[in-house]
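J.: Chain by chain, the residues run as shown.
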Amino acid sequence: MKKKSLAVLLAGTMSAALFAGCGGSGASTSSSAGNSKSEAASESTGTTTTASKDAIRLVNGKIEIDEQLKAAAKKYQEETGQEVSIESLGGGVDISGQLKSYYAAGNMPDMFVIGGDGDYANWTGKCADLSDCAFVKDTDFGYTDDETGKVVGFPYAVEGYGITYNADILEKAGIDPTTLVNYDAYKAAFEKIDGMKEELGLSAVCSVAAESGQMYWSTGNHLFGYYLSGGLERDDNTYFDMALEGKVDTDRMSQYADFIGLLYQYSDQQTLISGTYDDQLALWAQGKAAFITEGNWIDPSLPDYNVSFNCGIAPLAFTKEDMTSVLADSPSWWCVYGESDKVDACKAFLDYLATTEEGQTCLVKDAGMISPYKSSTVEPESPLAVSLKTYVNEGKTSSWAWANMPEGIAQNAIGLVYESYAKGDIDKDQFVTMMQSSIADYVANK
Amino acid sequence: MNTAAKKSLSLGMLVVGAVLMVAALILDFMGTKGAMRGYLLIAGALLIIVGLLKLPNKKHTKIVNGLFLFPMVFTFGVTVMIPFILGIIYSFTDWNGVSVTQFVGLENYITMFRQLDFVYSFILTLLFTIVNIVSVNIAGFCLALLCTSKIKGKNFFRAAYFLPNLIGGIVLGYVWQFIFNKVFTTVFVGSNSMLTDANLAILAILFVNTWQYAGYIMMIYVTGLQSVPSDVLEASNVDGASPLTTLFKIKIPMIANTFTVCIFLTLVNSFKLFDLNLSITNGAPSRVLGDKIIQSTEFLALNIYKTAIGKNDYALGQTKAVVFFVILAIVSLTQVSISKKKEVEL
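One line per chain: the protein sequences are A and B, in this order.
Going by my numbering, the residue at position 4 of the first sequence is 4; the numbering climbs one at a time, nothing skipped.
Here my numbering runs 446 ahead of the position in the second sequence, where the first position is 1.
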């Protein structure tokens with residue numbers, strides 16, 4: 001009998017392994033060592049192959065501009081014969097984790113995206129020096145290695161966000177978007193639009209999503225960014241430095257909590273607590289909400305919804321005093337992998353994108369982004385890019401300090417506080433204290 | 447050729463082979479590019495094998511056995527053993543996924559148990575595992591009884607119940623997420639999604655996992671039930687045993703070994719639950735515990751993943767994985783040894 005049970009056990013585990021493989025499920029974690037390790041082991045063999053040997057490979061972190069980049073790469077190949085393959089990651093994919101496994105597998109791309117200091121710390125010393133490229137003199141937004149002072153990151157765009165409004169609805173409601181610069185103005189506007197919901201065809205005033213599993217980046221990074229640097233000069237890091245020490249300015253956070261509470265109150269409740277990015281965007285883009293807490297990156301998605309209304313970006317002005325600036329910065333940079341044998345080809349491609357009209361047309365016109373390059377004569381056409389460009393031109397921008405917060409803090413700490421507040425599990429005072437304790441805990445454990 | 451010459455020839459081959467292999471490895475560690483080192487390594491290995499075979503002694507069968515085993519042993523070593531050992535080493539360092547700068551001793555192991563989220567995930571996973579074993583096995587066993595009874599179309603039922611298991615966990619998770627978030631809230635107008643409540647969200651994962659896995663477990667029970675000898679069943683029928691008595695006194699004791707297998711499989715499966723967890727909730731919603739907020743549906747595997755990938759703390763994640771392995775090994779071996787005592791010897 002013993003033999004039989006052993007046989008059944010063996011047969012069972014074998015078929016389990018079979019189906020686990022079939023389903024591509026997570027069942028393969030049995031070797032607790034995990035997958036990345038086995039890739040590390042194969043590193044020494046170094047026998048990975050890429051699609052085409054001469055192509056330079058770019059890992060792009062903005063899946064929204066995947067098509068446009070591929071079009072530009074094709075044009076570049078027609079002109080110079082150099083093939084460029086674009087690999088876009090995004091929509092919830094962990095990019096730096098993916099890059100690490102590429103690195104471990106000896107399959108590192110020639111160019112890859114970094115999001116700021118946290119990402120760059122992983123690749124210090126492994127990025128090629130780009131100081132001699134033509135684009136460097138043409139922009140202030142390049143990413144510089146703090147120690148060596150050399151430019152290592154190529155800025156492909158400037159991005160900004162705040163509260164994006166549907167200008168047509170605001171006009172019908174008789175609200176001038178330029179007056180939305182403080183808490184009271186927003187409160188009055190929300191109340192007014194809320195009262196006119198039926199005649200404007202709205203289901204809610206705002207479209208906000210605060211679910212912590214998938215939308216933590218919107219709340220824990222973007223919205224929180226306004227607490228850190230909203231209304232401040234670009235080089236003012238007061239609240240950011242405090243946060244890194246685990247401290248929170250109670251007065252500012254209290255005002256901020258009031259404003260978030262106001263946003264939540266006038267939001268579509270389903271979208272608020274369980275909505276995804278698509279739900280949030282659809283609600284606003286279909287004209288069922290007047291405001292959305294996203295930035296100019298939704299521009300390329302607007303044609304999918306046949307958006308015909310005018311729109312613009314207003315600052316998320318949570319303070320009693322006027323706040324006229326929006327948060328705008330270079331969201332991420334492209335680095336060239338220093339150990340690649342195609343560094344020069346990469347540099348040529350980057351210069352092509354930055355300094356030629358064709359390259360700029362791709363980034364600015366087709367992808368709906370804002371050029372960080374002074375010499376660029378291509379003006380943006382998409383509505384939010386135009387709106388943001390006016391802030392950039394007038395110098396009314398604050399930095400993206402949140403991008404340099406400890407890695408994972410939005411997903412594992414701050415985003416949770418936003419969600420609990422949205423569900424009503426905690427009130428405004430608890431929001432302030434929990435924000436304080438969550439940040440303090442996270443920073444202490446880092 | 448005499449024995450001495452044979453011997454010296456094969457010894458020569460062994461030495462040359464060893465030198466070639468060592469040279470290839472040194473070339474590789476020095477980071478030389480080029481494919482030469484690969485050929486050197488293979489040539490060296492072949493020389494050693496031939497040299498061993500030519501050696502004039504009587505252990506040829508052993509060498510041949512070893513040769514046949516080699517592909518499997520090598521693959522197992524490269525894909526399981528080496529990563530496993532490396533993983534244990536990494537857990538004592540400050541590895542960040544790219545490089546190691548220093549050894550930190552037991553620091554990672556101490557930090558881990560100081561973190562509320564890890565302790566919570568640990569308890570949650572244990573509780574979930576217990577409930578899930580019960581629910582999956584009861585559901586699977588009932589389905590198996592149904593599929594071995596005399597109802598019409600039982601082959602269709604068998605296939606239908608098994609089907610969810612063939613869909614990948616990630617796809618299935620997103621489909622169910624849609625159902626929980628959109629379909630249920632539309633059908634029950636005004637209700638909030640189950641996935642926004644900390645307790646209901648765990649229940650949702652439990653439900654989907656049972657739904658997915660019960661069909662698979664059912665198949666094993668069906669095999670077990672079919673192996674019960676029909677003469678024993680007939681004899682009990684003649685003695686006037688009711689179907690219920692037959693089930694509890696004959697069928698269940700006779701297939702106790704199947705229970706061992708099924709409970710073992712569900713235990714390991716629920717302990718390692720990852721794909722459904724990631725796709726249905728990804729740790730959300732939040733749960734307020736005193737003055738702290740944590741993710742309410744973050745099971746151990748997801749906690750490990752998020753520590754390494756999300757927080758970019760690869761060493762700590764690896765440490766958790768080592769502990770995860772130890773716990774899983776202890777729990778499943780204990781379960782198998784207990785269940786085995788209950789099995790009937792025919």
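In case anyone wonders, no lab produced these hints; they're calculated from the structure.
Every value quoted in this text rests on a predicted model; they were computed, and no experiment measured them.
Some hints here could point you the wrong way.
Stated by the list, open to error - Estimated spans, in silico, between C-beta atoms of each pair:
1. V617/B x K70/A: 18 to 28 Å
2. F624/B x K70/A: 27 to 37 Å
3. T361/A x L573/B: 49 to 59 Å
4. T521/B x S131/A: 43 to 53 Å
5. T521/B x S375/A: 26 to 36 Å
Claimed, not checked - One-sided excerpt, in silico: chain B residues whose CB lies under 8 Å from chain A:
6. N728
7. D737
8. K752
9. G756
10. N758
To be verified - Pairs of lysine to aspartate or glutamate, EDC-like flavour, derived with a Cα cap of 20 Å:
11. K738/B x D429/A
12. K247/A x D441/A
13. K757/B x D94/A
14. K738/B x D441/A
15. K757/B x E233/A
16. K428/A x D737/B
Just so you know, even glycine gets a beta-carbon here, dropped at the ideal spot from N, CA and C.
J.: Hint by hint, say whether it matches the structure.
T.: We went through each hint and held it up to the structure:
The supplied range of 18 to 28 Å is met by V617/B and K70/A, whose beta-carbon atoms lie about 26 Å from each other. Remark: the range hint 27 to 37 Å for F624/B to K70/A is upheld by a beta-carbon distance near 29 Å. A hinted range of 49 to 59 Å holds for the C-beta pair T361/A and L573/B, which are about 58 Å apart. Roughly 46 Å separates the CB atoms of T521/B and S131/A, a value that falls within the hinted 43 to 53 Å.
Hint check: T521/B to S375/A, Cβ distance near 56 Å, so the stated range 26 to 36 Å is violated. Taking 8 Å as the C-beta cut-off, the interface hint given for N728/B holds, the closest approach to chain A being about 4 Å. Against a cut-off of 8 Å between C-beta atoms, the interface hint on D737/B holds, since the closest Cβ of chain A lies about 6 Å away. Taking 8 Å as the C-beta contact cut-off toward chain A, the hint placing K752/B at the interface holds, the least distance being around 7 Å.
With a cut of 8 Å, the hint placing G756/B at the interface with chain A holds, because the nearest CB-to-CB distance is about 4 Å. Hint status for N758/B: holds, given a least beta-carbon distance of 4 Å to chain A, under 8 Å. Simply put, K738/B and D429/A have alpha-carbon atoms about 14 Å apart, close enough for the 20 Å limit, and the pair holds. In summary, the hint linking K247/A to D441/A is supported, as the alpha carbons are separated by about 10 Å, within the 20 Å threshold.
With a C-alpha separation of about 11 Å, the suggested pair K757/B and D94/A falls inside the 20 Å cut-off, and the hint holds. Taking the CA atoms of K738/B and D441/A, the gap is near 9 Å; set against the 20 Å cutoff, the hint holds. For the hint linking K757/B to E233/A, the alpha-carbon distance of about 29 Å lies beyond 20 Å, and the restraint is violated. Between K428/A and D737/B, the direct Cα distance comes to roughly 14 Å. Compliance with the 20 Å bound is thereby established for this hinted pair.
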